[in-house]
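A.B. asks: Each chain, written out:
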Amino acid sequence: MLHIINKSPFENHTLDSCLRVALNEPGAALLLTEDAVYAASKGNVIESKIVDALGKVKVYALWPDIEARGMQDRVIEGIKMVDYGGFVDLVAEHSNCQSWL
Amino acid sequence: MTESTGGIDFEDEDASGVIKKFMFVNRKAPYGTIYALESLEVVLISAAFDQDVSLAFLDDGVYQIVKGQHTKAIAMKNFSPTYRALEGYDIEKLYVEKESLDQRGLTEDDLLVDVQVMSSAEMAKMMSEQDVVISF
Amino acid sequence: MASVELNGKTYETDEEGYLVNLGEWDEGIAAYLAEQEKVDMTESHWEVVNFLREYYNDYQIAPAIRVLTKAIGKKLGAEKGNSKYLYELFPYGPAKQACKIAGLPKPTGCI
Numbered sequence: 012m013l014h015i016i017n018k019s020p021f022e023n024h025t026l027d028s029c030l031r032v033a034l035n036e037p038g039a040a041l042l043l044t045e046d047a048v049y050a051a052s053k054g055n056v057i058e059s060k061i062v063d064a065l066g067k068v069k070v071y072a073l074w075p076d077i078e079a080r081g082m083q084d085r086v087i088e089g090i091k092m093v094d095y096g097g098f099v100d101l102v103a104e105h106s107n108c109q110s111w112l
Numbered sequence: 030m031t032e033s034t035g036g037i038d039f040e041d042e043d044a045s046g047v048i049k050k051f052m053f054v055n056r057k058a059p060y061g062t063i064y065a066l067e068s069l070e071v072v073l074i075s076a077a078f079d080q081d082v083s084l085a086f087l088d089d090g091v092y093q094i095v096k097g098q099h100t101k102a103i104a105m106k107n108f109s110p111t112y113r114a115l116e117g118y119d120i121e122k123l124y125v126e127k128e129s130l131d132q133r134g135l136t137e138d139d140l141l142v143d144v145q146v147m148s149s150a151e152m153a154k155m156m157s158e159q160d161v162v163i164s165f
Numbered sequence: 036m037a038s039v040e041l042n043g044k045t046y047e048t049d050e051e052g053y054l055v056n057l058g059e060w061d062e063g064i065a066a067y068l069a070e071q072e073k074v075d076m077t078e079s080h081w082e083v084v085n086f087l088r089e090y091y092n093d094y095q096i097a098p099a100i101r102v103l104t105k106a107i108g109k110k111l112g113a114e115k116g117n118s119k120y121l122y123e124l125f126p127y128g129p130a131k132q133a134c135k136i137a138g139l140p141k142p143t144g145c146i
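So the protein lines, in turn, are chains A, B and C. Numbering follows our numbering, with no gaps: position 93 of the first sequence is 104. Numbering follows our numbering, with no gaps: position 104 of the second sequence is 133. Numbering follows our numbering, with no gaps: position 31 of the third sequence is 66.
Since the hints were made in silico from the structure, they are not lab data. From a predicted model like this one, the values you see are computed outputs, not experimental measurements. Glycine included, every Cβ here is placed at the ideal spot set by N, Cα and C. Mixed in with the good hints there might be a few duds.
Derived SDA-like pairs (lysine to any residue); straight-line CA-CA distance at most 20 Å [unchecked claim]: (1) Lys106(B) to Ala106(C); (2) Lys154(B) to Ser110(A); (3) Lys141(C) to Ala106(C).
Not close to chain A: a few residues of chain B, all C-beta gaps over 12 Å, as computed [to be verified]: (4) Gly90; (5) Glu126; (6) Glu158.
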């Protein structure tokens, strides 16, 4: 399953809940969009959660949202960047997806 | 393509009779926002389409089905009894994540409907088996 | 917002004639609403109306027609638990007409 998150990890606990579930699932992928891309940046209290997740599932971030927020030089290594076309490909590649609110 | 896209397939004109697995994921407390009530309405309508419908309760969503809700004084409709009507709508798959209950100091006995309590890992498996997952 | 004056009482209704405040319901307004719907209330009609009120009281929703027929069959007997029986009583849609007479809100996704 492709798990999509769009809210900042500093605003709510959706990322925690998503990871709690998704990290159990082989083949799961996480896509960070909109304000959730702050979770893709280094040097903050969330970083270790993402680094841990990278060892278990694939993590993607939407490049236009990264760039819009000035996070392009801080992206955690191992996170793959996708553009809008790549977003569509991810949705199509996975058997199902969930947009976490 | 029906099974691979995971979405609702509008292109398949001969889709009548195809039963898909729909899961509604509830993660919000009942009265602070409209999500819980909206989800419940969508669930009730979905019952008319003879699909394989299940509900998952995670995080604050578990508060939707705790016993003893009395909303008179906040002047809002108490829709918690409606979860007990789901059985009559042939919606009998209610899944609750154990971790969410534990975090909140709740147990299965605190809930007003019969549910299947499961771990995060089991929940992940349930979710991955769905055709469509709609999150509230 | 419309209203109905009956025996010195005022009942608020919406633009389709459904009672706004469930708590205001009584048999007088039920009889009036039935008349508006051109339904001649017999014991069988009251049975269904009272069943709907009980259902609403238990679950806080008006049941979908499929759910209503099943539940009525269980409670009042199989010969009454089918849409033919209910449509004979309420020809313009049991959920719609019977719910209105019972003072319930219009059911979600009903006919």
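A.B. asks: Name the hints, by number, that the structure is in violation of.
C.D. replies: As far as the earlier hints go, 1, 4, 5 and 6 are violated by this structure, in ascending order.
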